[in-house]
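Participant: What follows is each chain in one-letter form.
Protein chains: 2
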Amino acid sequence: MNKYGRNRVVIENVYPEIDCGQYPIKRVVGETVVVEADVFGDGHDSVSASLLYKKAGDRKWNESPMEFIKNDRRRGEFIVEELSDYVYCIEGWIDHFKTWLGDIKKKYDAGQDISVDLLIGAKEVELAMNKAKGGDRKKLQEYYEIVSNTEDPDAAVALANEPEFVNLVYRYPDRSLSSRYAKELAVQVDRKKALFSSWYERFPRSCAPETGKHGTFKDLEALLPEISRMGFDVLYLPPIHPIGKINRKGKNNSVVCEPGDPGSPWAIGSDEGGHKSIHPELGSMDDFLSLVKKTQEHGLEIALDLAYQCTPDHPYVKEHPEWFKNRPDGSIQYAENPPKKYQDIYPLNFETEQWKELWEELKSIVEFWIDKGVKIFRVDNPHTKTFAFWEWMIGDMRDKYPEAIFLSEAFTRPKVMYKLAKIGFNQSYTYFTWRNTKQEFIDYLTELTKSEVREYFRPNFWPNTPDILPQHLQFDGRQEFMKRLVLAATLSSNYGIYGPAFELCIQEAVPGKEEYYYSEKYEIKHWDWDAPGNLKDFITRINKIRKDNPALQFTNNLDFCEIENDLMLSYVKTTNGLSNIILVVVNMDPHHTQSGFVQMPLEKLGIDPDQPFMVHDLIGDSKYIWKGETNYVELNPHIVPAHIFRVHGRLKKETDFDYFM
Amino acid sequence: MNKYGRNRVVIENVYPEIDCGQYPIKRVVGETVVVEADVFGDGHDSVSASLLYKKAGDRKWNESPMEFIKNDRRRGEFIVEELSDYVYCIEGWIDHFKTWLGDIKKKYDAGQDISVDLLIGAKEVELAMNKAKGGDRKKLQEYYEIVSNTEDPDAAVALANEPEFVNLVYRYPDRSLSSRYAKELAVQVDRKKALFSSWYERFPRSCAPETGKHGTFKDLEALLPEISRMGFDVLYLPPIHPIGKINRKGKNNSVVCEPGDPGSPWAIGSDEGGHKSIHPELGSMDDFLSLVKKTQEHGLEIALDLAYQCTPDHPYVKEHPEWFKNRPDGSIQYAENPPKKYQDIYPLNFETEQWKELWEELKSIVEFWIDKGVKIFRVDNPHTKTFAFWEWMIGDMRDKYPEAIFLSEAFTRPKVMYKLAKIGFNQSYTYFTWRNTKQEFIDYLTELTKSEVREYFRPNFWPNTPDILPQHLQFDGRQEFMKRLVLAATLSSNYGIYGPAFELCIQEAVPGKEEYYYSEKYEIKHWDWDAPGNLKDFITRINKIRKDNPALQFTNNLDFCEIENDLMLSYVKTTNGLSNIILVVVNMDPHHTQSGFVQMPLEKLGIDPDQPFMVHDLIGDSKYIWKGETNYVELNPHIVPAHIFRVHGRLKKETDFDYFM
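Those sequence lines, one after another, are chains R and X.
According to the working numbering, the first sequence holds residues 1 to 661 in order.
According to the working numbering, the second sequence holds residues 1 to 661 in order.
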């Protein structure tokens, strides 16, 4: 027997609740949290329930009522209005007043003597009255007189039908025996950019205007107006630190390094410094600070690469050999994937007994760059460092800098990717890069946006990266780049490209592999950014469509539409209030025209199936009048492989033709 | 940072785990518990995992290895061997020795210098050696010499391929940095009858041999040989306590009680006593003790009805008015479902401030009857009493009397029924009584046997009860009773009938309702048990088939078979080792012959699709030779509406025709 023996209400099967409440769900400021639970009691009495919520650390709960859905399930919701973590909980109670309200009418209608029942109801009103003050108390006193007057049951029953009466009593519910859900569940609230961001990756060292020269931060500054014009808001730089000289890799990942080969930026550390230093050829710290500032002036933010690994000549190797794995011959263990050896990289050993010092140092790297104005980190291979470290480090950073954003670059097994998201990463790379059939997209996006994963894993879709030039981009031409861009930018509210390789439609791969030939990872490039056929204007258009249409600034609002052609993919996205409705249609065949009849969920979209409505293709700027659920679409990939329609539902006034504008 | 910072392995998504481990799963003695979990670490090192289990209260864990399935999922199992609750947990660790084993071979095969790697391996062997004693230690010392001999890498690699070497090192794994799942999960272990039982419900007061007389326990004793012959093992009696006299109900639930009307046994309590007393006309306490003893001698057990409610003249009403709800006019609240009133019943008020005393008294009723030799309770309407009470009461009773079995008679909403099972009820009534189409059975049984529900909810299927004469039994004739019996007795390992109304195929209902006309609940019956057309021998046959065939003694081993006729239902049940395979085919149409081709999952059944096999109909005793997955069946409901085949797969020796026997 515990003290809750009289509490008759059960609360269970709460959604969302990640791993029994071990991990928070994620939202950005302004988003809604919808909570469902099974709430029920024994017997036949009425049950009421409230959703409780507050900012983490606040004492007082806010409440919103939970509405009955069916089968003992209830639903409530609240909005996270501030950049603060929130918690929520549920309370349920046997609602004797509600039970009485229902019963008294049935008995009265059956012509029974209800005088004792009225006295029972009066007691409920009295309970409320005793809690109320001022005008409410006075009003409840009047109600009490009416309900307790057994001489006039008609008046009492009439009162029981008055919403004013009912609502006032409800304002002071008797919750003395209410049940509280045992766990308080957390919401990790991020700023809006965690959900809606457009990334552009660029190697600063390849930004020099003159061929043969090493690019600098200054050179990159000169490109900011154009990157900004294209509509990106995150400028992500591969590591900017000194590059190892020992066992440095040559062109095409060769173990032989020719004189002048710059090495891979991910081989971090040399006698010139480590993770808190800047590669001297890129510029000084002041140059970097200037870049950060200029980037902001262009409406962009810098994202740095956080790659926790060291070259043999990284200062840590000398200063902290205990942070690495030592081999019996006295050497330090290099990275390997037997029989392959990566002797230019020493992984950190998270099993070291000096793990606390190691963790503190790794965290201090993040704080160092946050102090320089960087708030976004693209984390390299987080799945090869321990989960416990990330949970601690990101948790601590979010406490201090709630605007910090960490993107997990874990191209690995699904459960590992999801785990990294649960423990705090704000965004994650995905399998999008390799998915390329209609069914693959439907399956994968359904997993991402309809399963519990949606609550904590925010996808960031990349058609290409310096590591990955997928087969379809190698073989299917410029129109495939357009198609992949539209898919990335409209399926996911976070997306990014590695440029200018993307907008220049670079297709040459290492034979038989999905890697760039003469990859920028191992050499300095000099791009002809305005080469004919480049996609800069197309990208600019797509990014503008994203900015103008709030429906594209969310990911989980995705619904696929039926279209009876395996080479045509279609989906809708809407804002909550349906003020913005986007319909995307993509021809998945990069070589031939495809067509089909797309079926739109008109009822869900609030569109009258008997009235014409207008769809406006935001890419080509053409407009069509459609009617009913099923409408014809046709796409020639050699012109443009996709429609992004804004859907304008019929306005209420018959005479109002604004929707044709 | 907590002390587990170096522990790299994650354990999550454990199955089974009911409501975050709040409730135990259920098993009977001898059953297997299969446990799955996602177990993985960061990076690319090998991971190993163990399933830990022990009797609750034991200090030392037993272990069994968890095998890798796919996608980071692992599975292990153990058997609950004793009538004791068990707990289980999971441990996982980075397995450096296993990683080394895989790597060393790859490097050796690639012709690399592995001398340093051998020293690394030798360190792993040394770690094992330092834990070992005696012969193992000596052997490991020898292995150590071989592995650490960098002069002879061939010998070391040859050793790495020796299972004897590998297994000996594995016997002393380095688990210093292993991760333990945070929760210990519980198994409620019951005796076998909780899973396999055949119930027969009978009103003792209707057992008198002479018409017009009130039956007694002695009269019931005389029927025990026949009930036993029919193959039942639980004899369930409606309440045996004094019946209320105030507001007693007459025939057909009439509010007018004629002189001589015996009242409903569920209206418990009068001046003759309450829940610990015996209705005087049934006999004395000694008579009851004699009945309990005789019942056991016939291989049966008595199940009593536990109906926690009182009549107005129950002793509790006078002695403990505080346990009831008091109305403002000083009267006690009777049961009602407005506008209906049940003035012969006073429900207990579980919101009373004296709830602790009430709970203790209610528990003492159970202990009183356990002390008299009763171990099985059919609990009336448990959903109208608080969940907290049941959890406490059943928990306490199971601690003291682990053989106690409580059957929940909650015909209510699904989540309430499942909750009662979670909090301890060993068996539960179900919706079987009303399910009657092929698809309804497939859907419902799939929910019961393939979802998480299977872990804690043990169905008990009843074709009829004194409260329910379903429509199909009213209209579809004797063959429908046979069909419902076969379905109940073969779909669920727990089943029961309310007799002799069932075996006499009583079909007369209150017009328009699913209730017996002239129900035995309100009057004494004198049954002609051997009336022509009775199903006693058919029932005897079915119960014998259940006893002879272990596959029918489980419920969750059910798999439906395809059969392309909506009026034919077919399913298989097997024992774990396939020594007993049962195929059931039921004609769902009570009026016409139906036929179809049943598809058997031969591979799962271990049957060679290219060899003939024999099916033996255990109802009609006919045998058929079948071959391949698809075989023809035909059933005339007017003869017998079902086949229960025992399937005899082809024996190994071509010349061995035992399977035709």
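Just so you know, the hints here were simulated from the structure itself, not pulled from any lab data.
Do not take every clue at face value.
Pairs count within a copy or across copies, as identical chains cannot be separated in the list.
Below, in silico cross-link-like pairs of lysine to any residue (SDA-like), each with a Cα-Cα straight-line distance of 20 Å or less [said to hold, decoys possible]:
#  : residue 1 : residue 2
1  : K183      : Q22
2  : K325      : D113
3  : K325      : H44
4  : K627      : Q611
5  : K55       : I332
6  : K293      : P470
7  : K604      : F560
8  : K213      : D476
9  : K415      : Y444
10 : K107      : A335
11 : K192      : G260
12 : K415      : H44
13 : K105      : H638
14 : K105      : D233
15 : K356      : N167
16 : K623      : S290
Just so we're clear, the structure is a prediction, and the values are computed from it rather than from any experiment.
Participant: Compare the structure with each hint and give your call.
Facilitator: Hint check results:
Taking identical chains as interchangeable, the C-alpha atoms of K183 and Q22 lie at most 20 Å apart whether they share a chain (10 Å) or sit on different chains (12 Å). Taking CA atoms no more than 20 Å apart as the test, K325 paired with D113 passes between copies only; the shortest distance there is 19 Å, against 86 Å inside one copy. With identical chains, the CA atoms of K325 and H44 are at most 20 Å apart between copies only, with a shortest distance of 15 Å across copies and 65 Å within one. Proximity of K627 to Q611 under the C-alpha cut-off of 20 Å is restricted to the intra-copy arrangement: shortest distance 6 Å within a copy versus 61 Å between copies.
In this assembly of identical chains, the alpha carbons of K55 and I332 never lie at most 20 Å apart, being 47 Å within a copy and 47 Å across copies at closest. In this assembly of identical chains, the alpha carbons of K293 and P470 never lie at most 20 Å apart, being 35 Å within a copy and 78 Å across copies at closest. Taking the shortest Cα distances, K604 and F560 sit within 20 Å of each other inside one copy (12 Å), while across copies they are farther apart (37 Å). Neither within a single protomer nor between protomers do K213 and D476 lie at most 20 Å apart by alpha-carbon distance, with minima of 33 Å and 93 Å respectively.
Taking the closest pair of Cα atoms, K415 and Y444 come within 20 Å of each other only inside a single copy of the chain (14 Å); across copies the shortest separation is 31 Å, beyond that limit. Taking the closest pair of Cα atoms, K107 and A335 come within 20 Å of each other only across two copies (14 Å); inside a single copy the shortest separation is 80 Å, beyond that limit. Taking the closest pair of Cα atoms, K192 and G260 never come within 20 Å of each other, the shortest separation being 43 Å inside a single copy and 79 Å across copies. Within a single copy, K415 and H44 get their C-alpha atoms only as close as 43 Å, which misses the 20 Å cut-off; across copies the closest is 14 Å, which meets it.
Taking CA atoms no more than 20 Å apart as the test, K105 paired with H638 passes in neither setting, with 70 Å inside one copy and 52 Å between copies. Taking identical chains as interchangeable, the C-alpha atoms of K105 and D233 are never at most 20 Å apart, the minima being 61 Å within one chain and 49 Å between chains. Proximity of K356 to N167 under the C-alpha cut-off of 20 Å is found in neither arrangement, the shortest distances being 57 Å within a copy and 35 Å between copies. In this assembly of identical chains, K623 and S290 lie within 20 Å of each other by CA distance neither inside one copy nor across copies; the values are 45 Å within and 90 Å between.
Checked against the numbered hints listed earlier, the structure breaks hints 5, 6, 8, 11, 13, 14, 15, 16; every other hint is satisfied.
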